[in-house]
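Please model the complete structure; the sequences and the hints are all you need to start from.
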Amino acid sequence: NAGVTQTPKFRVLKTGQSMTLLCAQDMNHEYMYWYRQDPGMGLRLIHYSVGEGTTAKGEVPDGYNVSRLKKQNFLLGLESAAPSQTSVYFCASSYSKFSGGYNEQFFGPGTRLTVL
Amino acid sequence: GQQVMQIPQYQHVQEGEDFTTYCNSSTTLSNIQWYKQRPGGHPVFLIQLVKSGEVKKQKRLTFQFGEAKKNSSLHITATQTTDVGTYFCAGGGTSYGKLTFGQGTILTVHP
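Chains A and B supply the protein sequences, listed in that same order. In terms of the working numbering, the first sequence opens at residue 1 and continues consecutively. In terms of the working numbering, the second sequence opens at residue 1 and continues consecutively.
Think of the hints as simulated: they come from the structure by calculation, not from any bench. Ideal placement from N, C-alpha and C gives every residue a C-beta, glycine not left out. Treat the hints with care, as some may be off.
[Claimed, not checked] Example chain B residues on the side facing chain A (calculated, C-beta under 7 Å, incomplete):
(1) Gln2
(2) Gly40
(3) Gly102
[Claimed, not checked] Quick partial rundown of chain A residues pointing at chain B, CB under 7 Å, derived from the structure:
(4) Phe10
(5) Pro39
(6) Gly42
(7) Leu43
(8) Tyr102
(9) Glu104
(10) Phe107
(11) Gly110
Below you can see the structure in the form of structure tokens.
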């Protein structure tokens, strides 16, 4: 199993350009997440999905859109990139909640995005 | 909304010294998870605590969940250079599957 994969690994954009980050998982997980990681800020949730065809906003959703057309894929889009979106983006997935707690999240290797 | 604070932000220790990181939530948590991220890597799940007052051990690592389920700690005994990395706590609330991560503690171990 490849686990969680992310494409691309690195990207440099100019302000105003658009791009899509792709996350794929082969573990048949229901839940998928997009986080951004900035120094001193930890991992902040951008959007998440609890199943195919559903998405929800996280802590920092502004400037991003997502789609989950297939269970195994979760796409993160930046319509008009800004320098404030320079960050490392992590995708994660997990099984759905079970009685008594949550399931662990499996993270992808990350995408390092720089917006000039 | 739910906030999870983690301290300290940085910790430098000599190999063999102990290390502790603390996590505090503004609200009662349903569970808490701990992750480790090696430099240049991605977060990797370590453990989950669910019950009030729960204590779990993994070799030199001891995890505690407070009685009020609003705080947690990770203690490493006799640190090794392989313990280097960032340790995150993540609290679960009422939204299915949604975790709130602390800012992380960056651990440096000097040989």
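Review point. Broken hints, numbered, in rising order?
Key: Hints 1, 2, 4 and 5 not satisfied by this model.
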